[in-house]
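Novice: Use these hints to put chain A onto chain U, whose structure you have.
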Amino acid sequence: EDKVVQSPLSLVVHEGDTVTLNCSYEVTNFRSLLWYKQEKKAPTFLFMLTSSGIEKKSGRLSSILDKKELFSILNITATQTGDSAVYLCAVGTSTYKYIFGTGTRLKVLA
Amino acid sequence: EPEVTQTPSHQVTQMGQEVILRCVPISNHLYFYWYRQILGQKVEFLVSFYNNEISEKSEIFDDQFSVERPDGSNFTLKIRSTKLEDSAMYFCASRLWVVPNTGELFFGEGSRLTVL
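Which chain is which? The protein sequence lines are U and A, in order. Counting from 1, position 80 in the first sequence corresponds to residue 80 in the numbering used here; the numbering is continuous, with no gaps. Counting from 1, position 37 in the second sequence corresponds to residue 37 in the numbering used here; the numbering is continuous, with no gaps.
These are computed hints drawn from the structure, not numbers from a lab. Just so it is clear, the structure is predicted and the values come from calculations on it, not from any experiment. Treat the hints with care, since some could be wrong.
Claimed, not checked - Straight line, CA to CA, 25 Å or less: simulated DSS-like cross-link-like pairs of lysine-lysine:
| hint | chain 1 | residue 1 | chain 2 | residue 2 |
| --- | --- | --- | --- | --- |
| 1 | U | K3 | A | K42 |
| 2 | U | K67 | A | K78 |
| 3 | U | K57 | U | K67 |
| 4 | A | K42 | U | K40 |
| 5 | A | K78 | U | K41 |
| 6 | U | K37 | A | K83 |
| 7 | A | K42 | U | K107 |
| 8 | U | K41 | A | K42 |
| 9 | U | K57 | U | K107 |
What the hints assert, rightly or not - Every beta carbon over 10 Å from chain U, so not counted as near; a handful from chain A, in silico:
| hint | residue |
| --- | --- |
| 10 | Q11 |
| 11 | G16 |
| 12 | H29 |
| 13 | K42 |
| 14 | N52 |
| 15 | D62 |
| 16 | R69 |
| 17 | S81 |
| 18 | D86 |
| 19 | S87 |
| 20 | M89 |
In this text, a Cβ means the ideal position worked out from N, Cα and C, and glycines have one as well.
Next comes chain U alone, as it looks inside the complex (with noise of 0.2 Å):
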């Protein structure tokens, strides 16, 4: 059976730090994987990664694919209170659906 496994589920930090958000996946014929960011309701994309190795980056946020390993990790330095919310991982396979991982709840004090 498929599988996305996000950790850690939760998270509490302080303005400024820095947070590694996990995504590790057992999924047959994997094609890419995206994360998200789930504030009120709908997801906004973050980032898609298809290649082993390849950082990308936005601002602050950065994310990187290991397909050896099979997981992917979301890094957000210098936090903001702006960026408390649900980070959600979902990999794309060759088939059509899109597998969600459970997420994990950010929560940046001031």
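Specialist: The following block gives chain A in isolation, referenced to the frame of chain U:
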């Protein structure tokens, strides 16, 4: 910026009633999805749709559920006889056809369904 739109934003219904959730995907997208998220739980795949037919469905998507693209823009999810456990946020998503079968999902704001 193009977006996926969903209606209604919230629907309250009695158990056993039929509901139809509507979605307008981004206009040039070709793959459409329904996902659901029960409060506090993970986003779960229901069904994917391409070229006017279901591409894949999960075990959640039983005979009570159906999808349709009645015209060139709308994509609907129908639940024939709602149960209490159908209460959830239902997200529509769409994706542009990209070779080789990767690409980000764009999500709508969701339709919250409450079954009493």
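Novice: State for each hint whether it applies.
Specialist: Each hint tested on the structure:
For the hint pairing U:K3 with A:K42, the CA-to-CA distance comes to about 12 Å; that is within 25 Å, so the pair holds. The straight-line distance between the Cα atoms of U:K67 and A:K78 is roughly 38 Å, outside the 25 Å bound, and the hint therefore fails. Between U:K57 and U:K67 the alpha-carbon distance is near 18 Å, which keeps this suggested pair within the 25 Å criterion. Between A:K42 and U:K40, the direct Cα distance comes to roughly 14 Å. Compliance with the 25 Å bound is thereby established for this hinted pair.
About 21 Å separates the Cα atoms of A:K78 and U:K41, which keeps this hinted pair within 25 Å; it holds. Our distance criterion of 25 Å between C-alpha atoms is broken by U:K37 and A:K83, whose separation comes to about 30 Å. For the proposed pair A:K42 and U:K107, the alpha carbon gap of about 18 Å is at most 25 Å, so the pair holds. A C-alpha spacing of about 13 Å is found between U:K41 and A:K42, which places the hinted pair at or below 25 Å, so the restraint holds.
Our distance criterion of 25 Å between C-alpha atoms is met by U:K57 and U:K107, whose separation comes to about 21 Å. The Cβ of A:Q11 sits about 15 Å from the closest Cβ of chain U, beyond the 10 Å cut-off, so the non-interface label holds. Every Cβ of chain U is farther than 10 Å from the Cβ of A:G16; the closest lies at roughly 27 Å, confirming the non-interface assignment. A cut-off of 10 Å between C-beta atoms confirms that A:H29 is not in contact with chain U; the least separation is 13 Å.
For A:K42, the requirement that its beta carbon stay farther than 10 Å from each beta carbon of chain U is not met, with the minimum near 4 Å. With a least CB separation of 14 Å from chain U, A:N52 remains clear of the 10 Å interface cut-off, as annotated. Separation of A:D62 from chain U is adequate, the least Cβ-Cβ distance of about 16 Å exceeding the 10 Å criterion. Remark: the non-interface label on A:R69 is consistent with the geometry, its nearest Cβ contact in chain U lying 15 Å away (cut-off 10 Å).
Residue placement check: A:S81 keeps its beta carbon more than 10 Å from all beta carbons of chain U (closest about 25 Å). Non-interface call for A:D86 relative to chain U: holds, since the shortest CB-CB distance, roughly 18 Å, exceeds 10 Å. At roughly 16 Å from the closest C-beta of chain U, the C-beta of A:S87 stays outside 10 Å, upholding its exclusion from the interface. Residue placement check: A:M89 does not keep its beta carbon more than 10 Å from all beta carbons of chain U (closest about 7 Å).
Comparing the model with each earlier hint shows violations of hints 2, 6, 13, 20; every other hint is respected.
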